[in-house]
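Novice: Read off the chains here:
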Amino acid sequence: MIHYHPSIETLTDYAAGSLPLTHALCVSTHIEHCHECQQQIRKLEMLGSHLFDQTKVESRRLNRLKDRFFEQLAEQPVQEIMEMALQKESKNTSWEEQYAVPNSLRQFIKQGYDELNWMRLSPSFKIATLYNEEGGAQVALTRVKAGAHMPTHTHTGDEITLVLEGAFSDESGVYRQGDFINRDASHKHKPIVTKDAECICLTVLDAPIEFTGWLARLLNPIIRRYHPHSH
Amino acid sequence: MERATPLDYDETRVADMFAVAQARDQAALARLFDYYVPKVRSFCLAAQPGANLMADDIAQEVMIRIWNKAHTYKPESASLNTWVFTLARNARIDYLRKNSRHQSDIDPEFLWQNVVDENADPFKDAQQKRDQERIQQGLDKLPADQKQVLAKVYLEGKTHKEAAEELSLPLGTIKSRVRLALHKLTIYVKR
Numbered sequence: 001m002i003h004y005h006p007s008i009e010t011l012t013d014y015a016a017g018s019l020p021l022t023h024a025l026c027v028s029t030h031i032e033h034c035h036e037c038q039q040q041i042r043k044l045e046m047l048g049s050h051l052f053d054q055t056k057v058e059s060r061r062l063n064r065l066k067d068r069f070f071e072q073l074a075e076q077p078v079q080e081i082m083e084m085a086l087q088k089e090s091k092n093t094s095w096e097e098q099y100a101v102p103n104s105l106r107q108f109i110k111q112g113y114d115e116l117n118w119m120r121l122s123p124s125f126k127i128a129t130l131y132n133e134e135g136g137a138q139v140a141l142t143r144v145k146a147g148a149h150m151p152t153h154t155h156t157g158d159e160i161t162l163v164l165e166g167a168f169s170d171e172s173g174v175y176r177q178g179d180f181i182n183r184d185a186s187h188k189h190k191p192i193v194t195k196d197a198e199c200i201c202l203t204v205l206d207a208p209i210e211f212t213g214w215l216a217r218l219l220n221p222i223i224r225r226y227h228p229h230s231h
Numbered sequence: 001m002e003r004a005t006p007l008d009y010d011e012t013r014v015a016d017m018f019a020v021a022q023a024r025d026q027a028a029l030a031r032l033f034d035y036y037v038p039k040v041r042s043f044c045l046a047a048q049p050g051a052n053l054m055a056d057d058i059a060q061e062v063m064i065r066i067w068n069k070a071h072t073y074k075p076e077s078a079s080l081n082t083w084v085f086t087l088a089r090n091a092r093i094d095y096l097r098k099n100s101r102h103q104s105d106i107d108p109e110f111l112w113q114n115v116v117d118e119n120a121d122p123f124k125d126a127q128q129k130r131d132q133e134r135i136q137q138g139l140d141k142l143p144a145d146q147k148q149v150l151a152k153v154y155l156e157g158k159t160h161k162e163a164a165e166e167l168s169l170p171l172g173t174i175k176s177r178v179r180l181a182l183h184k185l186t187i188y189v190k191r
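Residue numbers (this note's numbering), protein chains in the order written: chain X, 1 to 231; chain Y, 1 to 191.
Source of the hints: derived by calculation from the structure; they are not laboratory data.
Ideal placement from N, C-alpha and C gives every residue a C-beta, glycine not left out.
Treat the hints with caution; some may be incorrect.
If we take Cβ atoms under 10 Å as the criterion, some of the chain X residues that face chain Y in the derived model are [what the hints assert, rightly or not]:
no.: 1; residue: T12
no.: 2; residue: K66
no.: 3; residue: R106
no.: 4; residue: A128
no.: 5; residue: Y131
no.: 6; residue: G157
Kindly generate the complete structure, drawing on both the sequences and the hints.
Specialist: Have a look at this one:
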């Protein structure tokens with residue numbers, strides 16, 4: 001059962017297509033697990049289609065555009081390309097994989113989480129960067145061993161965490177698969193992974209995190225080095 | 001059966017869609033072009049006023065996608081307008097990410113693929129039409145300030161934050177206008 005959802009504003013921006021892609025990645029991963037938000041998005045898209053349908057249309061002749069379009073269509077290779085791409089996406093993980101990678105992450109992860117280039121920051125905490133956005137945002141996976149603490153940290157920007165596997169808790173609650181957690185810069189928290197299994201999360205940072213615990217001096221230079229802001 | 005006329009209009013276009021999907025009927029595609037291309041262009045120009053070339057490119061792309069994906073359209077899971085809106089939205093995002101200063105490598109095709117067409121449900125069709133009508137009728141009755149914010153977010157592609165800056169209003173005001181509107185349209189029910 002999912003308890004933590006994106007806000008209605010976030011869902012609206014997602015349905016409208018105005019949400020930054022890094023955040024949309026988290027929403028998309030969330031709704032793969034969340035029937036409730038799927039329904040909400042379905043309605044928000046309906047609203048979008050009505051607004052779309054009501055847009056004022058200029059009376060402009062589009063004959064030339066239309067001719068060009070049909071010329072282009074005639075040159076188009078038969079449509080297999082797109083279908084093949086779709087099939088590849090929808091194919092599930094092979095049976096030997098321990099975890100099912102969400103469809104939204106298929107563009108970064110082909111087989112499974114193990115193929116990623118994990119960087120070990122402590123004996124129980126690993127991080128793998130999926131993507132660094134030019135504008136400064138970072139998309140990464142974190143992988144923490146069962147029962148382990150994540151180093152205490154604060155954020156210099158917004159952070160979205162989406163639980164992919166396992167569970168963790170902090171001062172405010174317990175977060176399980178599919179939960180969507182949005183923290184702003186004022187937050188300082190100390191997550192602990194539940195004892196039964198390791199925890200893999202998708203995280204999107206708008207700016208680097210700062211570790212405030214004893215590991216701080218050790219980790220901050222490393223984290224900064226791997227974050228695009230510092231280059 | 002009695003029904004509001006706008007949905008009936010949709011039905012002739014749905015028939016055209018089937019002709020495109022099954023018979024590769026270019027005349028049907030041309031009719032869809034006449035109906036949707038002006039809308040897609042307006043949708044793009046709302047986000048980037050004056051960018052006619054961009055609007056043409058995106059409109060073409062949407063029509064190509066309609067042609068290529070016609071067979072994936074399922075009337076029981078979304079109205080044709082909603083389906084085309086999502087194509088236009090995704091094509092606009094894709095165009096902007098490839099042509100803007102902040103290029104992104106995140107492929108939007110992966111992010112909006114799972115929303116449509118989940119869990120086959122025999123009541124879904126009826127439910128869908130009810131939602132559709134409620135939203136359409138509600139939209140006409142919304143106060144102008146609420147409608148304006150929805151247009152900013154949906155048509156101009158602004159986030160709530162950007163809409164607030166542009167209208168020189170506090171973010172809280174924008175949020176509450178959107179929430180009020182969504183509440184009236186019975187889209188948003190507080191959890």
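Novice: Hey, does the G157(X) contact hint survive, CB to chain Y under 10 Å?
Specialist: This interface hint is violated because 13 Å lies over the 10 Å limit.
Novice: If you take the shortest Cβ to Cβ gap from K66(X) to chain Y, is it below 10 Å?
Specialist: holds (6 Å)
Novice: Report holds or violated for the interface hint on T12(X), using the least CB-CB distance to chain Y and a cut-off of 10 Å.
Specialist: holds (6 Å)
Novice: Is the hint on Y131(X) kept, meaning its closest Cβ partner in chain Y is under 10 Å away?
Specialist: holds (6 Å)
Novice: At a threshold of 10 Å, is the proposed contact between A128(X) and chain Y supported by beta-carbon distances?
Specialist: violated (16 Å)
Novice: Does the interface hint hold: is R106(X) within less than 10 Å of chain Y, judged Cβ to Cβ?
Specialist: Holds - the Cβ of R106(X) comes within 10 Å of chain Y, reaching about 6 Å at its closest.
In summary, the structure is inconsistent with hints 4, 6 from the numbered list given earlier, while agreeing with the others.
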